[in-house]
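One letter stands for each residue in the lines below.
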Amino acid sequence: MLMVAPALLHASLWIGLPVLAAVVLAFTKYDVLTAPQFVGLDNFRDMLDDAVFRKSIVNTVVYTFFTVPFGMLLGLLLAMALHTGLKARGIFRTAVFLPQVTATVAIALVWLWIYNPGNGLFNALLSFIGIDGPAWLSSTSWAMPSVILVGIWQGIGMKMLIYLAALQSLPRELYEAASVDGASKVRQFFSITLPLLKPATFFVLITSMISAFQSFDQIYILTDGGPANSTTMMTYEIYKSAFREFRVGYACAQSLVLFVLLMGFTLVNRRIMGGTRGHS
Amino acid sequence: MATVDTRKPVAPSTAKPRERGGRRPVSPGRIALYITLSVISLLMVVPFVWMVITSLKSPVEIASQDAGLLPSSWQFSNYVDAFEAAPFATYARNSFIIAISHTVLNVLVASMAGYALARIRFRGSEVIFYLFIAALMIPTYTKVLPEFLIVRFMPLAGGNDILGQGGSGWLDTWWALIIPGAVTPFAVFLFRQFYLDLPVELEEAARLDGLGEFRIYARIMTPQVKPALTTVALLTFESSWNNFLWPLLVTRTDSLRVIQVGLSVFKTENGTQWHFLMAGTTLATLPMVLLFLIGQRYFVQGFATAGLK
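Line by line, the protein sequences give chains A and B.
Sequential numbering from 131 applies to the first sequence in the numbering used here.
Sequential numbering from 1472 applies to the second sequence in the numbering used here.
In short, the hints are calculated from the structure, not lab data.
Do not take every clue at face value.
Among the chain A residues that face chain B by a calculated CB cut under 10 Å, a handful are [unchecked claim]:
| id | residue |
| --- | --- |
| 1 | F168 |
| 2 | R219 |
| 3 | Q298 |
| 4 | L324 |
| 5 | P325 |
| 6 | F343 |
Being a predicted model, the structure only gives us computed values, none of them experimental.
C-beta: ideal position from N, C-alpha, C; glycine also.
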């Protein structure tokens, strides 16, 4: 059909072809300047010995593990608070959602300034209560928590919004019936709300994990993967391999690992959540 | 023009916030809730406020350890000076051109595709739909390297021969900035969902009137999905304006830099000039904040629809 043709052509050239190319290039040694050379599984073998890449996988998992569930819990609580029909709900919702529509680069720059060890806002506030704050982003023990805090802060809005939309579409009659039967609010939450929110939870979990796994902008701005690789992520290693070391084949192999991990998580989640898909 | 039932399609699954009848006395729990929400909202907004405040402080005051939180004198001239320190105006203009191009192209191309996939039965339409769904799941970082190579080796562009050798292809051109990200599978998917909800009578009547498929799409059906058009337009503009990785990879020259890349370069080169950096960041943030405040309903609908469909 003619009307799909432009979109289909575009997707074939800029999504289909790249994916195929990534799979092929993953088995080659390629520096862009000379023709790719087939090297079999060498790239994948190299990855096993690559301590920094292993570290980046661990970091990515740690970052995701802390930003996603915490963010989801906060998002759900906020959504429930806003769902109680209180006044000024719109203002609260806007405030919480604002970081979501703002560029991650801009947000990271602002936080870079807030975390500034000399006269950043964070340490200035801490010094009011007599605490001498650390150099947040250049300390191996504080850099990751600092990056995670920014991740949670930026991501809450989206999670809250999806939960809020889901809460608003729940049938009211169920709650009325439950109240008549004498079920407490807490009981209602665990027996009605939570099970009915399962599709939303599944969706939030998957999309948040996908985006957390692909965090890049904030790392680029905040820490450059440091100090001592303590905040480097898989995406950052892919970028470094390709554009700083010119090992494009190796970078493609790394990107396939990222792809397979994400697909794996999606499938496992789907299994655990009982094959729920969004309604309609 | 056919006289048919033109009732507005029901906006999918974003239920209107429901109103509670009757006012209740304010309970202590409710007050606690308000306080908690206010504190959280404050925490969400403080970084933005701090950004603007810093952009209006003098460098001396920023460097001083014991200056107050607010500037002692508001330095609006920082903005003028920042524009001289780096071509932030050019960066913003570039971002704007790219974001507008993406928005127009995405709305046009994706709505056509979404319409065809929703309303026209043709051989392979199901397969094509699933291909778009599959495309939706490809991580950016898996496709971005080969995308870069395609741009680099684009045949007959930027001094390249027919095999894509010899020159720099589309690198450092508007083509590279605009074309690869112009159409998103997500927009195709979103449009399809909206077109699916339209009543079939509408299109049957138009067909009886002898309208061609393209006219039915353009004249009859698309005016019915205006919320979808707005939603896709806003979301496309937002993600284009905020994009960082792709323009970072494909541009080298200052004159083609977008605002996000310009900011990161300014940070690397003049890292300590926080007043200028925050002025630039405010400039990069402001359009999105305004757009969000104006089109909040559509943003919310877009994200929520994406979430629940």
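Worksheet entry | List of violated hint numbers, smallest to largest | Violated: hints 1, 4 and 5.
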